[in-house]
Amino acid sequence: MNKAISTRLTFAVAILSLLIFIILWQVIAQQGLLVKNFPGSFKTIGSLIWWVSDPFFDNGPNDLGIGTNLLISLRRVLIGYSLAVLVAIPLGVLMGMSKLAQSSLNPYVQLLKPVSPLAWLPVGLFVFRNSEITGIFVIFITSIWPTLINTAFGVASINPDYLRVSKSLGASKSITIRRVILPAIMPNILAGMRISMGTAWLVIVAAEMLLGTGIGYFIWNEWNNLSLENIFVAIIIIGFTGFILDQFFGFLQDKFDYSI
Amino acid sequence: MNKKSSRTSTSNENYSHLELVNLGKIFFKEKKFIDFRSKGNRSGFEAIKDIDLKIEKNTFVSIIGPSGCGKSTLLNLIAGLQAPTSGKIIIDGQAIKGPGPDRGVIFQNYALMPWLTTIQNIEFALNTVFPAKTKADVKERARKYLRMVGLEKASNKFPKELSGGMKQRVAIARALSINPNMLLMDEPFGALDALTRSYLQDELLSIWRKNKVTVVLITHSIEEALLLSDKIVLMSSGPSAIISEEISVDLERPRDREKIEQDPTYLKIKMRLEKHLLRETRAVEEVT
Numbered sequence: 012m013n014k015a016i017s018t019r020l021t022f023a024v025a026i027l028s029l030l031i032f033i034i035l036w037q038v039i040a041q042q043g044l045l046v047k048n049f050p051g052s053f054k055t056i057g058s059l060i061w062w063v064s065d066p067f068f069d070n071g072p073n074d075l076g077i078g079t080n081l082l083i084s085l086r087r088v089l090i091g092y093s094l095a096v097l098v099a100i101p102l103g104v105l106m107g108m109s110k111l112a113q114s115s116l117n118p119y120v121q122l123l124k125p126v127s128p129l130a131w132l133p134v135g136l137f138v139f140r141n142s143e144i145t146g147i148f149v150i151f152i153t154s155i156w157p158t159l160i161n162t163a164f165g166v167a168s169i170n171p172d173y174l175r176v177s178k179s180l181g182a183s184k185s186i187t188i189r190r191v192i193l194p195a196i197m198p199n200i201l202a203g204m205r206i207s208m209g210t211a212w213l214v215i216v217a218a219e220m221l222l223g224t225g226i227g228y229f230i231w232n233e234w235n236n237l238s239l240e241n242i243f244v245a246i247i248i249i250g251f252t253g254f255i256l257d258q259f260f261g262f263l264q265d266k267f268d269y270s271i
Numbered sequence: 015m016n017k018k019s020s021r022t023s024t025s026n027e028n029y030s031h032l033e034l035v036n037l038g039k040i041f042f043k044e045k046k047f048i049d050f051r052s053k054g055n056r057s058g059f060e061a062i063k064d065i066d067l068k069i070e071k072n073t074f075v076s077i078i079g080p081s082g083c084g085k086s087t088l089l090n091l092i093a094g095l096q097a098p099t100s101g102k103i104i105i106d107g108q109a110i111k112g113p114g115p116d117r118g119v120i121f122q123n124y125a126l127m128p129w130l131t132t133i134q135n136i137e138f139a140l141n142t143v144f145p146a147k148t149k150a151d152v153k154e155r156a157r158k159y160l161r162m163v164g165l166e167k168a169s170n171k172f173p174k175e176l177s178g179g180m181k182q183r184v185a186i187a188r189a190l191s192i193n194p195n196m197l198l199m200d201e202p203f204g205a206l207d208a209l210t211r212s213y214l215q216d217e218l219l220s221i222w223r224k225n226k227v228t229v230v231l232i233t234h235s236i237e238e239a240l241l242l243s244d245k246i247v248l249m250s251s252g253p254s255a256i257i258s259e260e261i262s263v264d265l266e267r268p269r270d271r272e273k274i275e276q277d278p279t280y281l282k283i284k285m286r287l288e289k290h291l292l293r294e295t296r297a298v299e300e301v302t
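Protein chains in written order, with my numbering: chain A, 12 to 271; chain B, 15 to 302.
One chain only, chain B, in its complex shape (with noise of 0.2 Å):
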């Protein structure tokens, strides 16, 4: 928390969170047996290359693109679930070795653990990240970011017994619960259907604006990144996806999701979105 408030200096507040250096990944095969007879000649899927990106803090932002073209992947070496093969991370000047608490990581698929009830999904992660924490601690905390998230009755249902968007819930307080300052988010609300998606991305918005995280959401939705980011990142399509845009989306905070669709700057970054989008898709599905 004092980091946070320290944040009070002007000058401090845009220097980037968030910095990727010529980020490069290849998905190597794995050697058969009767490869280690055919010396070299490893080839691979280049996945993404050449990657420069700065993210600045408390900022929120989208990264949009084809699908197949490496946005997971990107978000995997952030979060340090996987290693580059070239180039660097580097969060608050100091190059990443691998996964840490300082991050939050929300999937797709929410990836609650079935055998656990919701809180002691959340205890889990405290107790992982915290292990001095007393016992009694743990559950307060997991009370508390439950409560956030609207969640609290459920706190002893299984997995099982929620619905998708309940389940993305408990996923996004399990996630902040353990007070990162950067959360990342791999196409949270892609499972989920039209309406609970608006509702999620309202609860979003208005915890990021109360707990003051950097947000990397990956999306395909057009809509959703221009409701939600401050700039939206857009990739070519794979392999060996590059980052092809950078937009900054200067639209008002709070945002509506009604006005803000007849807001002349919002149509005009949607078209190009869309334009780009259209383009890209058009060169995957006609390789393939």
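Chain A with its partners taken away, still in its complex shape (with noise of 0.2 Å):
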């Protein structure tokens, strides 16, 4: 098939299936078929829109703008994300060149990663005292295991070739580090950080339920108003939020891959 054909085609296809989704969707609330009162597309989309036109009023902390809360939440997940990258990266370094870390570190991590972060919120709390600093530090442990575990399977993993010629040319270890191991596990810290980032963005919402502010403390306060069209609002640009910060990651492993 003609390639030019073929993507508007898809174009077509992807407009038509959301259409008719809307539609049922419609049809379903307003008959009542679920439960009562359940809100319409019509409905959920007016408010979608009157959300976006104004996105960032304060009118105090438990009426913000919709973009107010989404930049407050991602605030929180980048400087939580991004102290975990950088302990992530130079730790798993660490667990991939060396037995002795690898062995003494690693139960710690087989033992923390299956917990959900949630768990740590308490902690966070009993320890800081202070809302702002337990979301990031909850966004911390969350981001911390993937870039870490993908970052030590890399070196561990890493093509003996590369390492066998920076022997050979006499490199110390700071060289074969920073200009051989690093480049080379780029693409293994990129898939982790992608998973990080996702896992980052799915406990955001559920920790800021509890925290007070951000988008998941908007759903929280829409609950409380009773208010689901608000939350399918929410639902929406949480989801939109996240598509594009991991087609980001997606773009990012594109420029450092290597493969044939």
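The hints are simulated quantities; they were obtained by calculation from the structure and are not laboratory data.
A hint or two may mislead.
When the alpha-carbon atoms are kept at most 20 Å apart in a straight line, the in silico SDA-like pairs for lysine to any residue are as follows [said to hold, decoys possible]: (1) Lys167/B to Tyr213/B; (2) Lys184/A to Gly112/B; (3) Lys171/B to Lys184/A; (4) Lys71/B to Tyr29/B; (5) Lys174/B to Lys184/A; (6) Lys171/B to Ser270/A; (7) Lys68/B to Ser57/B; (8) Lys266/A to Leu176/B; (9) Lys171/B to Tyr173/A; (10) Lys184/A to Phe172/B; (11) Lys184/A to Lys43/B; (12) Lys178/A to Gln122/B; (13) Lys184/A to Gln96/B; (14) Lys266/A to Gly114/B; (15) Lys110/A to Phe41/B; (16) Lys110/A to Phe42/B; (17) Lys174/B to Gln37/A; (18) Lys111/B to Ser270/A; (19) Lys184/A to Gly114/B; (20) Lys184/A to Ser86/B; (21) Lys43/B to Ser86/B; (22) Lys147/B to Gly181/A; (23) Lys147/B to Gly43/A; (24) Lys171/B to Lys54/A; (25) Lys174/B to Pro194/A; (26) Lys149/B to Arg189/A; (27) Lys63/B to Glu260/B; (28) Lys174/B to Lys110/A; (29) Lys110/A to Gln96/B; (30) Lys178/A to Lys284/B; (31) Lys178/A to Leu95/B; (32) Lys174/B to Tyr269/A; (33) Lys54/A to Asp69/A; (34) Lys174/B to Ile169/A; (35) Lys178/A to Pro115/B; (36) Lys111/B to Ser183/A; (37) Lys171/B to Lys178/A; (38) Lys266/A to Phe172/B.
Hints in hand, dock the two standalone chains.
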């Protein structure tokens, strides 16, 4: 099939399926087929437009524009996530290079990795006595594992030829790490960072329901207002933001793809 | 350069550049946690043993043997990438302690860094070996060696954009750029098709003539060894491989690929090598 036609067709199918979904949603809601007072798609789209047209108003902590809330969440994620990456990459390289580091740290990693980061929330509140720092701390804990594990795996499975070249030239450990190991494992690091970002974006919503402000708190607040259509607005915006973040890492991964 | 031009006195011409004394390598199994309780009893795999070899300055020596005989292990030991279990490696009268820029190593899989362009791969070697050199100096020198292997135009290409033969030429340029006096090659043309292989063999010979380095080449191709070498070292089948024979190849240089095959000396050595390799390979195949 012609490529231009095929893209146009894919686009048309996507639009069509969206229209069908919107109409079906509206019909089901209007007829009360699911539950009574379930908001229809028209109402939801209406409030989406309302929220998006003035996203940054500020009428006190319980009445913030959705854009303001989104930025608050993004800021928490970016700070906690960046700190996690700064810790995870050096630690991962260390674990990948040294058997001693691997065997002394791996038990903790394996033990802590499966724990829901929300379990750390009370710990954070107790230690920091501050909901803002606690949110960042929870994101930090969330983001650290995938990047750490991927980095360590990348180092451990690095093509030995690169290391042999470096060794045969008499390169120091520092040169080998900076100029051979780090660039060689860039695809692994980015894959880890992508997963970390995805999980961080999942967790921030849940964490914020308990912390106040942010897009997660917005959902909790709208639940208290019993405004389901606003919750759907938040879901759409959270999904869209997560998609953009993920695409950004996808783009980076393509840039650092060395394979043939 | 001075060192090399001082070679004019004929008495100095043939001193050994590389000497292997009673060299052996045993690979020990990694100790598992449970093994700590059972004392001693460190059984290992003996790859090579009792290797004695002298290689003269600026000669071309091939090491040939059945697959799995420890040829690559031997080369890794000379390169200093692994430490021998027993014996010594002496280069220019000094026992080596590890790798060094006096030896350029060329690997079968080219081992180019895929995130660097052709010229950056060479610059990496230069920057590592000569940290004091200026950026312009390094670039100039890298370009010179790319020109030498005829790849000046590909200097900004990435390895994945190059053919196998081109990649190996970059690897040769990289190995030579640090001005080693010994070139260690581990089946460098093994992964290439026949035509590219003969092209690169000719290239290597002309580079060797111009640069005057000692070459140690690991190969499993009898024809390649005969075409290129002054001396062929035959290894027995592993484990515990030894050197079973050293054969001088007294054929006129430059050697013509087609004419050489009619030469009675060539045919005689070839027969001998074939017989040896067949016998050793049979030993390998019938054990397993």
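Checked hints:
no.: 1; hint: Lys167/B to Tyr213/B; result: 19 Å, holds
no.: 2; hint: Lys184/A to Gly112/B; result: 14 Å, holds
no.: 3; hint: Lys171/B to Lys184/A; result: 28 Å, violated
no.: 4; hint: Lys71/B to Tyr29/B; result: 6 Å, holds
no.: 5; hint: Lys174/B to Lys184/A; result: 27 Å, violated
no.: 6; hint: Lys171/B to Ser270/A; result: 15 Å, holds
no.: 7; hint: Lys68/B to Ser57/B; result: 30 Å, violated
no.: 8; hint: Lys266/A to Leu176/B; result: 19 Å, holds
no.: 9; hint: Lys171/B to Tyr173/A; result: 19 Å, holds
no.: 10; hint: Lys184/A to Phe172/B; result: 25 Å, violated
no.: 11; hint: Lys184/A to Lys43/B; result: 25 Å, violated
no.: 12; hint: Lys178/A to Gln122/B; result: 16 Å, holds
no.: 13; hint: Lys184/A to Gln96/B; result: 16 Å, holds
no.: 14; hint: Lys266/A to Gly114/B; result: 34 Å, violated
no.: 15; hint: Lys110/A to Phe41/B; result: 19 Å, holds
no.: 16; hint: Lys110/A to Phe42/B; result: 17 Å, holds
no.: 17; hint: Lys174/B to Gln37/A; result: 53 Å, violated
no.: 18; hint: Lys111/B to Ser270/A; result: 36 Å, violated
no.: 19; hint: Lys184/A to Gly114/B; result: 15 Å, holds
no.: 20; hint: Lys184/A to Ser86/B; result: 24 Å, violated
no.: 21; hint: Lys43/B to Ser86/B; result: 19 Å, holds
no.: 22; hint: Lys147/B to Gly181/A; result: 16 Å, holds
no.: 23; hint: Lys147/B to Gly43/A; result: 79 Å, violated
no.: 24; hint: Lys171/B to Lys54/A; result: 56 Å, violated
no.: 25; hint: Lys174/B to Pro194/A; result: 16 Å, holds
no.: 26; hint: Lys149/B to Arg189/A; result: 18 Å, holds
no.: 27; hint: Lys63/B to Glu260/B; result: 16 Å, holds
no.: 28; hint: Lys174/B to Lys110/A; result: 33 Å, violated
no.: 29; hint: Lys110/A to Gln96/B; result: 19 Å, holds
no.: 30; hint: Lys178/A to Lys284/B; result: 36 Å, violated
no.: 31; hint: Lys178/A to Leu95/B; result: 7 Å, holds
no.: 32; hint: Lys174/B to Tyr269/A; result: 8 Å, holds
no.: 33; hint: Lys54/A to Asp69/A; result: 24 Å, violated
no.: 34; hint: Lys174/B to Ile169/A; result: 18 Å, holds
no.: 35; hint: Lys178/A to Pro115/B; result: 10 Å, holds
no.: 36; hint: Lys111/B to Ser183/A; result: 15 Å, holds
no.: 37; hint: Lys171/B to Lys178/A; result: 25 Å, violated
no.: 38; hint: Lys266/A to Phe172/B; result: 13 Å, holds
Going through the hint list in order, the structure does not satisfy hints 3, 5, 7, 10, 11, 14, 17, 18, 20, 23, 24, 28, 30, 33, 37.
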